[in-house]
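There are 4 protein chains.
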Amino acid sequence: MAFEVELAENRYGKSRVRLHKVVRNGAVHDLYEWNVQVLLQGDFVTAHVDGDNSKILATDTMKNTVYSRAKESKATSMEEYAKELIEFLHSRNPQVSHVQVVIEQALWKRMVIDGKPHDHSFMHGSNEVQTTTVERTKTGPWSIVSGLNGMHILKTTKSAFEGYIKESLTTLPETKDRIFGTVVQAQWTYTKDSLDFNAARVKLREAMLKCFAGHDSKSVQETLYAMAKAAIEVTPEIDDIKLTLPNKHSLLFDLKRFGQENNNEIFVPTDEPHGTIEARVKRKK
Amino acid sequence: MAFEVELAENRYGKSRVRLHKVVRNGAVHDLYEWNVQVLLQGDFVTAHVDGDNSKILATDTMKNTVYSRAKESKATSMEEYAKELIEFLHSRNPQVSHVQVVIEQALWKRMVIDGKPHDHSFMHGSNEVQTTTVERTKTGPWSIVSGLNGMHILKTTKSAFEGYIKESLTTLPETKDRIFGTVVQAQWTYTKDSLDFNAARVKLREAMLKCFAGHDSKSVQETLYAMAKAAIEVTPEIDDIKLTLPNKHSLLFDLKRFGQENNNEIFVPTDEPHGTIEARVKRKK
Amino acid sequence: MAFEVELAENRYGKSRVRLHKVVRNGAVHDLYEWNVQVLLQGDFVTAHVDGDNSKILATDTMKNTVYSRAKESKATSMEEYAKELIEFLHSRNPQVSHVQVVIEQALWKRMVIDGKPHDHSFMHGSNEVQTTTVERTKTGPWSIVSGLNGMHILKTTKSAFEGYIKESLTTLPETKDRIFGTVVQAQWTYTKDSLDFNAARVKLREAMLKCFAGHDSKSVQETLYAMAKAAIEVTPEIDDIKLTLPNKHSLLFDLKRFGQENNNEIFVPTDEPHGTIEARVKRKK
Amino acid sequence: MAFEVELAENRYGKSRVRLHKVVRNGAVHDLYEWNVQVLLQGDFVTAHVDGDNSKILATDTMKNTVYSRAKESKATSMEEYAKELIEFLHSRNPQVSHVQVVIEQALWKRMVIDGKPHDHSFMHGSNEVQTTTVERTKTGPWSIVSGLNGMHILKTTKSAFEGYIKESLTTLPETKDRIFGTVVQAQWTYTKDSLDFNAARVKLREAMLKCFAGHDSKSVQETLYAMAKAAIEVTPEIDDIKLTLPNKHSLLFDLKRFGQENNNEIFVPTDEPHGTIEARVKRKK
Chain H
1 MAFEVELAEN RYGKSRVRLH KVVRNGAVHD LYEWNVQVLL QGDFVTAHVD
51 GDNSKILATD TMKNTVYSRA KESKATSMEE YAKELIEFLH SRNPQVSHVQ
101 VVIEQALWKR MVIDGKPHDH SFMHGSNEVQ TTTVERTKTG PWSIVSGLNG
151 MHILKTTKSA FEGYIKESLT TLPETKDRIF GTVVQAQWTY TKDSLDFNAA
201 RVKLREAMLK CFAGHDSKSV QETLYAMAKA AIEVTPEIDD IKLTLPNKHS
251 LLFDLKRFGQ ENNNEIFVPT DEPHGTIEAR VKRKK
Chain Y
1 MAFEVELAEN RYGKSRVRLH KVVRNGAVHD LYEWNVQVLL QGDFVTAHVD
51 GDNSKILATD TMKNTVYSRA KESKATSMEE YAKELIEFLH SRNPQVSHVQ
101 VVIEQALWKR MVIDGKPHDH SFMHGSNEVQ TTTVERTKTG PWSIVSGLNG
151 MHILKTTKSA FEGYIKESLT TLPETKDRIF GTVVQAQWTY TKDSLDFNAA
201 RVKLREAMLK CFAGHDSKSV QETLYAMAKA AIEVTPEIDD IKLTLPNKHS
251 LLFDLKRFGQ ENNNEIFVPT DEPHGTIEAR VKRKK
Chain X
1 MAFEVELAEN RYGKSRVRLH KVVRNGAVHD LYEWNVQVLL QGDFVTAHVD
51 GDNSKILATD TMKNTVYSRA KESKATSMEE YAKELIEFLH SRNPQVSHVQ
101 VVIEQALWKR MVIDGKPHDH SFMHGSNEVQ TTTVERTKTG PWSIVSGLNG
151 MHILKTTKSA FEGYIKESLT TLPETKDRIF GTVVQAQWTY TKDSLDFNAA
201 RVKLREAMLK CFAGHDSKSV QETLYAMAKA AIEVTPEIDD IKLTLPNKHS
251 LLFDLKRFGQ ENNNEIFVPT DEPHGTIEAR VKRKK
Chain B
1 MAFEVELAEN RYGKSRVRLH KVVRNGAVHD LYEWNVQVLL QGDFVTAHVD
51 GDNSKILATD TMKNTVYSRA KESKATSMEE YAKELIEFLH SRNPQVSHVQ
101 VVIEQALWKR MVIDGKPHDH SFMHGSNEVQ TTTVERTKTG PWSIVSGLNG
151 MHILKTTKSA FEGYIKESLT TLPETKDRIF GTVVQAQWTY TKDSLDFNAA
201 RVKLREAMLK CFAGHDSKSV QETLYAMAKA AIEVTPEIDD IKLTLPNKHS
251 LLFDLKRFGQ ENNNEIFVPT DEPHGTIEAR VKRKK
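Residue numbers (the working numbering), protein chains in the order written: chain H, 1 to 285; chain Y, 1 to 285; chain X, 1 to 285; chain B, 1 to 285.
Hints were generated in silico from the structure; no laboratory data involved. Take these hints with a grain of salt, some might be off.
If several chains are the same, the list does not tell them apart, and a pair holds so long as it fits within one copy or across any two.
Stated by the list, open to error - Derived lysine-lysine pairs resembling BS3-like cross-links, with alpha carbons at most 27 Å apart:
| hint | residue 1 | residue 2 |
| --- | --- | --- |
| 1 | 109 | 203 |
| 2 | 109 | 138 |
| 3 | 116 | 71 |
| 4 | 116 | 203 |
| 5 | 218 | 109 |
Based on the sequences and whatever the hints tell you, model everything.
Below, the structure is given as structure tokens:
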């Protein structure tokens, strides 16, 4: 009996192309750090089946393209730069049907020296990265999904967890007051392809933080929903947002065994296991 | 104007529940290390919208369930254990419509002392993990997707890359002989829900390795396709497999500048940037 | 022939004891995150040679001690807390001759919401940690070495590297203007055991940053020396400081091949290989 | 009052210089992966104080030296290669008084295909690395300290912990039977500078493993001492060895709460906190 296989889907490209871009406005410099991934889909069946590379754009060439385009780009947001990159790749590669560019932007903060912002010195911020995934077929509409990852936040009170199911394997005690720590991952989808991406991002992020701080939490689920709602409320350019909030447990240390009282003062922060709470919330139409 | 949002999708559970299970066959022990994630979907709208936890199974209880079920289980594969866990959770939680269990199995190898396998001493192997994602709605069919991740392999010859597109941003020289290193990620979907999962896994993995070693590679794409084909060929219980093969470049170091010849002897292994090649290959029907 | 060995040095203890301490000043909370290591030396020969545990304080008990003492402590600096922990352990363990406590403090910043510092919400800062290593024999003087690690800073100009040795293996071009990025590790030794550790730390750290930003660098070595000098200058309580400044190279990307000019705009940040520059600088007596 | 500082110690060099070396014996290839660090000490005061680079060997040149020397080297051990590198650097740099080379060797294992070792295909092993630190002043004797790091081993029985101090903060229950897992770090100092380093290493490592597996452990301390003794016994070329054995706790999960018995079957492996046990053992003279 004949045994045969065929290619279902495929894509390929270059990952972790890291870029520092320095923009020099006279003595005052701006610094961007982007980590770029480019992935192509297209007419690559013979490459897989026959080892025919004639339609293959080398991933090394994609890397060169990232740097060369960054030099020419006037974009001030990574979303705009990603769009430029995609248009450039489509224009030169008829065999490509779909280009996806993913960018992570690291956090560099201008140093403040003697109370004044310094011209050309920067300090790396937290592990939080700003993200975007931009993609397009040759002639179709843009898909622009921006987000952030690694935003590690914590509140020391105004978080309860009560009223959940009690069954034979339940040992967790109810609490009216616990530490709530999480590392936010968010993705939101723009309904337009042209807007002030940086301004929208700042407003959305601040709305989530304000909600987190002010919310009287009954569960991670309730806070997630409230944060998502707050994000949509301040961002007319999006209709939905997906949030993933791991519950990074800080466990109350049992001091009673030593005759001490622990009034929510001494905790053991843990990385594993952790709760995983995720949901997508959308604007009602 | 009214502003309203609603819950689109949601799921929650516990991640990174780590487990050592020791099975004692008299003096000879077996050791399993599993890293388990449980995710539930179901009737959780009020939990998000109203902070009503009455239908919430605490993620801490899920953690307890993982350990308690591991004790009772006679399963010798993680796929079978995942199925047991899912059935148990469905049976006790009418509010849950869908359970997904993801397990990663770490590699522990029995020590060989004086040429003999030791009864109870083990050495941790490489970072390669065996994986499975098992899921089911309350009454629907099983979905069982197994795989592996982190299988770091390399061949020092029989890998070329020629004949690709030359354009104005191309600087990569063609080569008839390069190092080919990759860290394989694979996922295959079983078409049956009851089989000898461990035996199938061993055979499939060995077929991929034999193909990688013997293949005269014209590109990562060609080798990926050949490995996928080899995997399907030896595994009647699957119809498709998805492979991701990052191209972990080992760059030939330029010794000519120092009057030395580099006959494919001295390379710089790099982690970034790296190529990313992925495809799904399926059995032709 | 007799074959004999003996114990030369030994120490043991508990590492990575993680602690969240919440100090509640009414509605306004302070949050500390400490990662504590306790190491003991003492009369432990029979433990090693004979398996006699009668003088062994279990490392689990050390862990309990860390949490129990944290509850009682009024210390506002980790240096003071470390001293308390050491005194406590010495007082209860006559078999112990020497206690060392190492603490890393993570960076949590109070959130600012609507322009006001929030009472109980915090955001994790960068990977920079504040460190201290405090130790004492039973009756000897205190050794207090504080420092920091992971302070990732970068300047986009005012850094040159010229005039170094040119030999047959030299390929690096001289430059009058490069990116200078580094991840500072510092340790300074206090000459007193009682002072305002937090205030000294803030002043010293700011002096180093100001020096880094303002310095017209001819080499990492020169900048390191200047930063060390600045630190000693503002800190009468120390006589020396050791700095390690990896040179995290951002390589100018070669755009000339594509007919583009790169006026110090487009760089490839790299993690490896990296320069390692370290020195200890001391006050002249 | 005059404020003055001076340079106490300093050294500099290049870290994380990664190297793949392929040795081609006809069709059969050998693969080495080394991660090299070179650190120099010498006459570098003016470099620090005056920004005078005239005696500075650029760290980029050191990197080139590593690759160029690797090409010429016939060494089959990293210790011999490190010695060659040091001699080369001393011979060309009169301003250098001391060179240290640290090498980590990654584990690559030849693939076995259809029962036969493959000519040119390899699989990455565990995270265990073989290490060496070789150093020499211009004319002094060699210092060669070899070792290993990341050897993760575990035994499921024959490990007890009893008879330790019980005090008011003790909560750990005694046990006659626990899991003993550790990640061995070892350094041994050679008393000769010329020997078959690879053969000595293999024998020493196997002696430690055999001891670990066979030892009826009363504490990590006792096992550490026994392993060190075993290492010295089989290695006439060393007089001492330092071992660090973190106690990677696998905690017995409490199943009694659920009416289940846990006969040392179900454990929670943890990464933090962990015990740290270290000692140096030496040959009695």
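* Those earlier numbered hints the structure runs against, lowest number first -> Numbers 2 and 3 - these are the hints that the structure violates, sorted from lowest upward.
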